[in-house]
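Please model the entire structure based on the sequences and the hints provided.
This is what each chain is made of:
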Amino acid sequence: MNKPILIGMTAIALTLGACGRKTPPAEIPPVEQPPAADPNSTDPNSLEVVELPALQADLVAKAGSDTIYFGTDEYSLDEASKATLAAQARWLLANPGVRASIEGHCDERGTREYNQALGERRANATRDFLLSQGVPADRMTVTSWGKERPVATGSNEEAWAQNRRAATVIIR
Amino acid sequence: MRMILTMLLAGIASTAIAQDTQESEPAPELVGGSVRSNVAIAVPVMPGDAVGRQVSEVIVSDLRSTGLFTPLGPGGLPGYSVEEAGNPAYPSWRNAGVSALVSGYIEPRADGRMTVACYLHDVTAGRELTHQGFAVTSANWRQAAHKCADLVYARLSGQQPYLDTRIVYVAETGPKNNRQKRIALMDSDGSNNRYLTVGRHTVVTPRFSPRGDRLVYVSYIGRKPRVLLYDVASGQERLLIPGNHITFAPRFSPDGRDVVFSMAEGGNTDIYIVSASGGQPRRLTSAPGADTSPSFSPDGRQIVFESDRSGTQQLYVMSADGGGQRRISFGGGRYASPVWSPAGNMIAFTKIAGPFRIGVMNAGGGGERILTNGWQDEGPSWAPNGQFVMFHRTAQGAGATRLYAVPVGGGSARIMPTPVGGSDPSWSPINN
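Going line by line, the protein sequences match chains S and W. Heads up: the first sequence at position 57 corresponds to 57 in the working numbering, and the numbers run straight through without jumps. Heads up: the second sequence at position 331 corresponds to 503 in the working numbering, and the numbers run straight through without jumps.
What the hints contain is simulated information worked out from the structure, not anything from laboratory work. Note that beta-carbon positions come from the ideal geometry of N, C-alpha and C, so glycine has one too. Heads up, some of the hints might be wrong.
[What the hints assert, rightly or not] To give an idea of the chain W side of the interface with chain S (calculated C-beta under 10 angstroms), a few residues:
1) K348
2) G450
3) R506
What follows is the structure, given as C-alpha cells:
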C-alpha cells in the first residue's frame, strides 16, 4: 500500500525540482525590511519570515550547494567550504532582490545550550566569508538551530559530519 | 526526624533487613545501587466518598515513587470506618506485617468542596505520628492525595515535601529529523498533562519562575531562538528582548524579578540579565567564547554558568553583577548546563566524557558524584526539596528522549510517565 504512494510523491518532487531549475523564477520579490522592523515590539508574531523554495533550488543549482560542513566542535572554514561560499556569494550578488538567513547547525554530541552558541559561531563565520565576497551585510541575517534540526538521524561519525553544517536559506 | 524512619526500619523482619543490606552493597556502577528500604506502609481505601479508592491509589503510587517505602494497598487490604481513621486497630495492622498505616476519610464541606483527612500511624509503636486535613474541590482530589503523600514522606524521611509539584517539559513527537516539540505541563506523577504550545515552532528549555506562575522558554520564531515569557494562568506571552537578537538559556532569579540568559552576536555568546518586566539588558560576561546556561544561587548573590573560555566547556561562578568569575570544575572532561541546588550547597550538571551523564558537586567545586549512566543524559532540574534531579535521556540512533528522575543520594533513575517523548524538564516549586 505504501510503496505506490511513495513513488508517486517522489515523481512529483522530481518534476517540481526540474521545473525550478529550467525556468528561474521570473519575478523575484523585492527586498523587504526584516519583519521585526519595530525594534521595540515584544509581539512574537511580528518576527515571522518566509522561505522561498524556488529561489532556494536555484541557489543550489547555480552554486552547487546551499550547505557547508564543519569539524567536531569547530567553526573554521576549509577550502571546499570557501569555494562553495564564493559560488553562493556570486549567486547572491546576481540576485540582488533576496535576503539570506545564514543558519548554523550542530551534531547531537554537544549539550543543547552550548550547541545554540556553537551554531551561531558557525553561522557567523559563514556570514563573514560571504561578506568578504561582497554580499552586503544588510542582506544577511544569522541564526543558530543548535542540534534541533539534524538532517542525518544516525548516531555515528558519518551522520554527525552531515549535521555539523551551515546552510544559506533564501528568505523574503 | 530521621529517627522515625530508623524506628520503623527496626520493626521490619530481620530477613528483610538482611536482603536490604545486601542490595545496598557498593555496586560496580552507580546506577543500580538502590537505597530502597522495605518500610511497609499500608494504605487502605479511604472511607467517606467513592473517590477514596483513587485517593489511596495515588498515595500508594506517590510513596512508591520516592524509593524509600514499600506501600501496600489499597487493593487486598481490609477497609475501615471514618471513625477508625484516627483510631485504628493497631494489633491487626501489626499482624498484617506493616510498619506504618496511612488512613483518612473524605467528607463534604459546607462550601461545596470536600475535606480529605490524612493520618499517619506508627503501627509498631501503636501511635499516631501526624495528621492534616486538605480542603479541595471534588475535581481536585488528586492534589489532596499528593498533599497526604507529602505529609507521610516528610514525616518519615525528615525531608521537605516535593510530591505535590508540576513538571514543565518539551513534549517530543515525530522522527529525529522532523521532530515536533511542544511545551507541556503535567503533575509530577504524570497526570493532568496538557500542551501549552501547538508545535508550530520548535521550542526548548522551559523553566518555572520561583513561584511557579510563569515560565521562560525558547521558541524558534522567525528562524531565530528567542526567549519568551509565558504566564501560566492566562497563556499570555511576550518576547523577553525586543528586536532581532539570538537569545537562549533563560532562567529566573530567585526573587522572580529578573531573567538571566545568553545572547549570541558576532560569533560570541555572553550572559545578560534583564528585568522580567522589561527594560535594558545588562551584560554580565564579556570573555570571548560561549558563556551560557546561567543559574542563580538560591540567595541570589551568585550565578553558576558554563564557558569554553579555557578551551573546553567548564563551570564558573560569578557574583550576580558579573564580578569575580572563577572556574569551579576540575574533574577532567567537559561540564555543561549547571543548576544550583535549592539549598545552595550543590550544583547539578551534565558531564561530557564520551557519553553525557548527570552529576552533582559542591557549590564551591569538588565532591563530584556522577548519578546516571545513560548514553546521553542531559539537562538536570532539581526537585524543590533537593532530594531528586530530573533530566532527559536520549536514545542512541533513533534519538527518542524520555524524562527520568534520580535520587541525589544515590539509587536508580526512574522513568517519568509522559504520554510522548520528553526533554528539558523543569521542576516547579511545591504547589499552594
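Legend entry - Structure-inconsistent hints, enumerated in ascending order: As far as the earlier hints go, not one is violated by this structure.
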